[in-house]
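Chemist: Okay, here's what each chain looks like letter by letter:
Protein chains: 2
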Amino acid sequence: MRKGILYVVSGPSGAGKGTVIKEFLPRHPDWFYSISATTRAPRPGEENGVHYYFMEKEEFLRLRENDGFLESAEFCGNHYGTPKAAVMERLEAGKDVLLEIEVQGAMQVMESYPEGIFIFIVPPTMEELRHRLEGRKTEEPSVVEKRLERAKEELRLADKYTYIVVNDSADRAAEEIEAIALAEEGRSARKFDFVKENLL
Amino acid sequence: MRKGILYVVSGPSGAGKGTVIKEFLPRHPDWFYSISATTRAPRPGEENGVHYYFMEKEEFLRLRENDGFLESAEFCGNHYGTPKAAVMERLEAGKDVLLEIEVQGAMQVMESYPEGIFIFIVPPTMEELRHRLEGRKTEEPSVVEKRLERAKEELRLADKYTYIVVNDSADRAAEEIEAIALAEEGRSARKFDFVKENLL
Numbered sequence: 001m002r003k004g005i006l007y008v009v010s011g012p013s014g015a016g017k018g019t020v021i022k023e024f025l026p027r028h029p030d031w032f033y034s035i036s037a038t039t040r041a042p043r044p045g046e047e048n049g050v051h052y053y054f055m056e057k058e059e060f061l062r063l064r065e066n067d068g069f070l071e072s073a074e075f076c077g078n079h080y081g082t083p084k085a086a087v088m089e090r091l092e093a094g095k096d097v098l099l100e101i102e103v104q105g106a107m108q109v110m111e112s113y114p115e116g117i118f119i120f121i122v123p124p125t126m127e128e129l130r131h132r133l134e135g136r137k138t139e140e141p142s143v144v145e146k147r148l149e150r151a152k153e154e155l156r157l158a159d160k161y162t163y164i165v166v167n168d169s170a171d172r173a174a175e176e177i178e179a180i181a182l183a184e185e186g187r188s189a190r191k192f193d194f195v196k197e198n199l200l
Numbered sequence: 001m002r003k004g005i006l007y008v009v010s011g012p013s014g015a016g017k018g019t020v021i022k023e024f025l026p027r028h029p030d031w032f033y034s035i036s037a038t039t040r041a042p043r044p045g046e047e048n049g050v051h052y053y054f055m056e057k058e059e060f061l062r063l064r065e066n067d068g069f070l071e072s073a074e075f076c077g078n079h080y081g082t083p084k085a086a087v088m089e090r091l092e093a094g095k096d097v098l099l100e101i102e103v104q105g106a107m108q109v110m111e112s113y114p115e116g117i118f119i120f121i122v123p124p125t126m127e128e129l130r131h132r133l134e135g136r137k138t139e140e141p142s143v144v145e146k147r148l149e150r151a152k153e154e155l156r157l158a159d160k161y162t163y164i165v166v167n168d169s170a171d172r173a174a175e176e177i178e179a180i181a182l183a184e185e186g187r188s189a190r191k192f193d194f195v196k197e198n199l200l
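Protein chains in written order, with my numbering: chain A, 1 to 200; chain B, 1 to 200.
Any given hint could be a false lead.
[What the hints assert, rightly or not] Here are some, though not all, of the chain A residues that point toward chain B, as calculated from beta-carbon distances under 8 Å: (1) F120; (2) V122; (3) M126; (4) L155; (5) D159; (6) T162; (7) Y163; (8) V165; (9) R187; (10) K191; (11) F194; (12) N198.
These are calculated hints, taken from the structure and not from any lab test.
Where a beta carbon is used, it is the ideal one built from N, C-alpha and C, also for glycine.
Please model the complete structure; the sequences and the hints are all you need to start from.
Modeler: Below, the structure is given as structure tokens:
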């Protein structure tokens, strides 16, 4: 049976990963959108299994020790990670899986699951990235500068990915991801099974 | 400057390469559609530079000796081939190039230009392929059987290609090639130049 494909969507903060995915996902209700696990406390309105899988720290660390994450990281004393089992089950069942993660996490998945398709979302210009980061308003100017610096560092890693998608408009970028998914479906390594089963 | 991409569309006789390309080409007037050279005499209505480049045998053989073809073959005493210079000039000028050739020719281009994108067009079923070959009417039953045998042999080579496209409908298959072209455009090996020039 056809195995599912793991798509990892990543990119610097402010590139618009979330917006692009919000355009893309409703067109693919059959895909499995993987949710992160975290040890941080739920914020008001956040539901377990919808926004995050909320976990106790001991549980998280035990799972991590048992190689139970595709990737994991620690921010401000809280742990975040992508539980491996849920993703692997879907892939084995032939479902395509979409993962939205930070650049460092994506680099870990390249190690743990190199068969994945890695898509790097970039802003059209650095001015636009600054504009988007400033637009969040919640951030102090010094935080914006730090994020821009970090974005530049992360952009240098773009060539490690399979594809680079410029997010000049979320709709257009989502269409590009659709084209990528359609093309990847037809890669001969995958489609040769069709030839063997139906034509030989 | 961005270099053009060479797309080689191939597949067994009767798979419908020509029909798919007729759907695809008008949507991409900027692409260069490469025409074969041949030593056979023009048939009524065939124009030099439109259907083929008609060449004298000596001229063809001299060009072939000087490594002037991306691929070449001999059928029934006539020579056919894809002149290299016209294709290379377009690629260097940043134009995408489309080449429609037989399977043996495509295998030669894989050797001479491995950076190409190789698309293999297959029929949805062998019954459909037989139906299409019989529909040509001009063929004797024994010729149809021979072509089916040859198609089976060629289908075994499908995994050497980059992509496999099932031609269940020419329109849908052309859309799949469009998706492939859009995806290939975004391959990080190509798109990283955009990142370097605009964001770093």
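Chemist: Each hint: holds or not?
Modeler: Verification of the supplied hints:
no., hint, verdict
1, F120, "holds, 7 Å"
2, V122, "holds, 6 Å"
3, M126, "holds, 6 Å"
4, L155, "holds, 5 Å"
5, D159, "holds, 4 Å"
6, T162, "holds, 6 Å"
7, Y163, "holds, 5 Å"
8, V165, "holds, 6 Å"
9, R187, "holds, 6 Å"
10, K191, "holds, 4 Å"
11, F194, "holds, 7 Å"
12, N198, "holds, 6 Å"
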